[in-house]
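Novice: Single-letter residue listing:
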Amino acid sequence: MKEWNGPPLRDVDLDNYTMCFACGRDNPIGLKLKLQRDGEAVRTEFTPEEQHQGWPGVVHGGIITAILDEAMSYVPLFQGLNCVTAKMEIRLHNAAHVGQQLFVSSRITRKTRKLIEARAEMVLEDSTPVAEGKSIMYIVEEA
Amino acid sequence: MSIWKDIALQNPKDVPMCFACGRDNTIGLKLDFHQEGESVKAEFIPGEQYQGWPGVVHGGLICTMLDEVIGYAAGYQGLYAVTVKMEVQYRKPAMIGQRLLLSAMVKSVNGRTVKCDGEIRLEDDTLIAEAYSELRIIRTD
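Chains A and B are the protein sequences, given in the same order.
Under our numbering, the first residue of the first sequence carries the number 1, and numbering increases by one thereafter.
Under our numbering, the first residue of the second sequence carries the number 1, and numbering increases by one thereafter.
None of these hints come from the bench; they were simulated from the model.
Taking lysine to any residue and the SDA-like style, the derived pairs with C-alpha atoms no more than 20 Å apart in a straight line are:
no.: 1; chain 1: B; residue 1: Lys85; chain 2: A; residue 2: Arg119
no.: 2; chain 1: A; residue 1: Lys32; chain 2: A; residue 2: Met19
no.: 3; chain 1: A; residue 1: Lys134; chain 2: B; residue 2: Lys85
no.: 4; chain 1: A; residue 1: Lys87; chain 2: B; residue 2: Glu134
no.: 5; chain 1: A; residue 1: Lys111; chain 2: A; residue 2: Asp38
no.: 6; chain 1: B; residue 1: Lys85; chain 2: A; residue 2: Glu117
Required output: the full structure, derived from the provided sequences and hints.
Specialist: Structure, rendered in structure tokens:
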């Protein structure tokens, strides 16, 4: 997305906005991710349930992608930059099973006046790689 | 990945709990696919529980829809596959309540690798997002 014709993001009261599918605490069907700052990185964890599967017993690639997308977009968000994803590349290395705890971390790898490039990775508890993502985000505005 | 041997023994048409297409998944998208020429298509009207930024469909779910319609494009050719790589370009935000038209087709099959394109458009043909995916075949019919 090179331009944003959605609603003005600056008007969003992020502290009281709780309906995001990925991070909203009041979205009844959402993932309810809690994203935390860890130095330059952002971290989160998620234990997928049966309704997050694609192939039986295996977490849906789209859910994995949604988690990576959210983790990457929180890095600029924590820096006061409201962004939307313009392009994302995902590589899925190993299947994640329902019930397995997933560990995600993300960080910014490049920044220009208009764009942010971020990367994220998802691993199992024993460090087995599940997926990695690279994202180009367009900075809509500073909060 | 040894797990795919187990998965490949199951009936790939019987996935009632799939987040994207399962009819029994209470939080799922319940996408219903059909074939139209060389393409596989589906429609979806996102409710507010599928938003990211207020009123805007979450990019991760846009990706989920693209991943699923692409998976079905391979599936309709008897190629049951898992995504190994996916590139998505977001063109315009999709708003809650807008009817989204999903379509995908297989571009090439080479050994165990299937390459597919997918896209999401509005009814007025506005391009919302497009994707290119590589999938690995785990079972053929």
